[in-house]
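> Read top to bottom, the protein sequences are chains G and V. Just so it is clear: in the first sequence, position 71 is 117 by the working numbering, and no numbers are missing. Just so it is clear: in the second sequence, position 289 is 298 by the working numbering, and no numbers are missing.
Because the hints were derived from the structure by calculation, they are not lab data. Don't take every hint at face value.
[What the hints assert, rightly or not] Partial list, computed: chain V residues near chain G (C-beta under 8 Å):
no.: 1; residue: 86
no.: 2; residue: 131
no.: 3; residue: 148
no.: 4; residue: 158
no.: 5; residue: 210
For glycine and all other residues, C-beta sits at the position ideal for the given N, C-alpha and C.
Listed here are the chains, written in short residue letters.
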Amino acid sequence: MTRYLGDDWLLPALDAQNRAYFTAGELKVQACRACGHAQHPPEDLCRACGSHDVGPRRSAGRGRIESIAVVHHAVHPQLKLRVPYAVVLVSVDDAPGVSLLGNVVNGAPSELRIGARVRVAFEEAIDPDSGERLLIPQWLLDHTAT
Amino acid sequence: MKGRAIVAGVGESPYYERGGSPDTEFQLACLAIRRAAADAGIDVADIDGFVSYMDARNDPLRLAAALGLRELRWSAQPWGGGGNNMAAAVQLADAAVSAGYARNVVAFRALAQGQFGRFGQSRAVGRVGGEFVFSHLYGLLSPAQECALHTARFLHDHHIAADVLCEIALTCYANAQRNPRAIRYGTPLTREQYYAARWIVEPFRLYDCCPENDGAAAIVVTTRERARDLRAKPVAIVAAAQGLGPAYGVSGFQGRWFPGVFYRGVADTLWQHAGCRPSEVDVLQLYENFTGPALMALCEMGFCAPEDVADRVRADRMSGPDAELPINTSGGNLGEAYIHGFELVNEAVRQVRGESTCQVANVDLSLAVAGPGYAPGSAVLFGRAD
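Isolated chain V, as found in the complex (with noise of 0.2 Å):
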């Protein structure tokens, strides 16, 4: 198996309804990064790195001085969009960690949006400039309103009812009536709640659409080697890619682009990475900021042809420890929690350490697919480290 770099723990704060923290952003980061850091039996002050995306108010040095590090050797987070990049965020850490640049790299996202408002809003007055101008001049201002673009063409394309768009939204809530965890246990989704619901931009439903949410997750990665004095079964960083792409928006409906979620060069460098094939895969964490570029995401990482979609996505072959294809086994970003995705790694790695409350049996390779629609694309394969 590749991958020096093993995750030792797993931490996250509990989770909330968009403004529902009786905590700040910054106290929900230190409190997972402290629960991870314990989960893997490692002393907090001895983490020496940290990776994060799109995260700038949760800085390194501020975390570093609120938790007592004894010294920070490593920090980054990679450029571009948002959600995108929380697997190139574990790809950071294992790059880090595997170089020997640091020896105990904490990946996490912290997010508060009732602390610090909403995504996908727009207050802006007056004018528009840079690339924005040809998008938001014409009222495309939303990533929802960006995918809907996408997914609305790849729907008609490949012929594809935008009924299977429901089939992924039930399997998330399926999955998160088994997670304690979840913000929607015990708030089951209906076939007829979802079609009842109102349109948000066609082809998206609100159930289409991921939940804002207060909350943050955080891993430790190390070296392979400290395994052994390690708390919790560790679990390898098989492999993991970013995919180049244009940017987003305007840029990414051009041409060859079109339509498109930035994971057809994130599939070949993976599973070239990682020397196994889509088949082999046991569970899987889709990033859904909207159904309809997560079913393109699993398509474009090979899951599944765009002409079998009909047959094979479809709540009762994804839903359950049981399934086919086992997706979202915690209720992922719709019905778990939306921590910008984080959420999703955690549960990749409590799959391969036998932990999840969607247990799928066996599991030797669990994979983590970022948010789609948005480049760079990034996804990252974990399994056993013995």
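This is chain G alone, in the form it adopts within the complex (with noise of 0.2 Å):
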């Protein structure tokens, strides 16, 4: 798919902690192996038992819209040609506490809502310099959720 803010939009710079997140194909959330904690954005350990054993688990990306910022106002020159657009804030059902930025690729900024239902999709691209493909999580309003 076209990434929603352009295909010339910035890219991840993939390091340990989010490449999980960017390449899987299927939402990654960092959670502690040893007591079960979910946690965003990544850190080096467990914020809840200081574990340092932490890495990406498996999320079924289903989630709710907590929050949406329309931005009307480009403050990047890139992104002068995509105003307006939403970045909505993302509860996932199965990492409790964790929220996630997004946007929402099958809904203009005006039918979003506080409460809607979303699941994830998929925005590709491949790196430039490494080949290496990516797989960025993006939104999906879920008409089919009750």
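Each of the two chains sits in its own frame; use the hints to bring them together as a complex.
As structure tokens, this is what we get:
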């Protein structure tokens, strides 16, 4: 799919903590293997129990819109042609306490509501340096949800 | 009254529109510091400490040399964010003086956004890493956008009409009309102009967002014992507090922190330390990076319950010296100048001295609340030293 903010928009600089998030093709949230606590953004250790044994854990990728910012004034020159666009904050059903930022790719900003159900989708991009395939988590309004 | 340290002097440079200063940022800093020392009646060479925040450009060693200090005994900056630390800087000056590590400590902020560029702009190209990857990649790039997410949810949760944001902007502009230092002096804002202005990021329109300016503001903090030797009426630092919380952005959107502007902890610490309640405060300076987070800070600090916002947060109940709760009496970030909030510290001190251009009668307690939405939050309560 074409990227929500344009195919020339920023790409992630991959590192050990975010590689799974941007390449797995399924939603991965960092969790603690000792106590099960899920957390975001990733950290070097578990913020709940202190264990150093943290890593990506698969999520079913379902959630709820917690808030919406509809951006009209572009603060980056590349986004002048993209406004207005919406950034949403999504709480993840199977990662309590974790909320992720993203864009809803199948709805206009005016169609979005706090409380709406969403499911994960992925924007594809190719890293021009490594040739690696990136799959960037985004969101779809889930009209099938009850 | 608690507080061993006092504010002996306040000073500022002229305030300018962004890019309007004929002086460099460092010159503005030195000017504000000299004026604060002169206001106190303290020889600038006797200053022996500097505190600022997010101000690496005007470092204490360079200032000490430029101002001819005899000795530099203390320098510090609080970590994290930006204008959220304006009151934390006063707290660090208070700590140094109260502990006896230094005798005449200047807390200040200088900001020349014409010389050094603007906040809230991004020219990132190619790649983004670290924590920003989880926000910038989705087009969430600026403080206005981050604060919009908090504000939208706060308004939703408490069934507050977004119209209330206008009331804060109107209050600041109305008070700025009394203050010749204010950049918006002579430029009133009407409700019609507010609503006719363009969206920046919903729910913020243009006048919900603070401008960008050039200028500097400073205070001199010294010991209570020196008060009788000074030129100006001494003002006590009754209490100050910093509040912990996750740093900003993505961290602040998680679980129990959302929506919030990091002032619940500040309130607990400040009111306990001061031994008083919000209702005892006579006048309030409230940092408005954007109107929405200022509204949230007002609630988190205990001045207003969210369910009472529609009734209490009205320009006709907050503007002018006779208001029920006078706020931002010099015009604040929106109306006076955006000196990263330090102009609010100067105004809070002036209210205790009886020297505001919008002077509230019989001020015993004057509070300045720093920038909301970024941790640590901070606040400082000033009072009469006699």
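> None of the hints should be skipped; say for each whether it holds.
We went through each hint and held it up to the structure:
1. 86: violated, 25 Å
2. 131: Where the cut-off is 8 Å and the nearest Cβ of chain G is about 4 Å from residue 131 of chain V, the hint holds.
3. 148: Hint holds; residue 148 of chain V Cβ to chain G Cβ min 5 Å, cut 8 Å.
4. 158: holds, 5 Å
5. 210: holds, 5 Å
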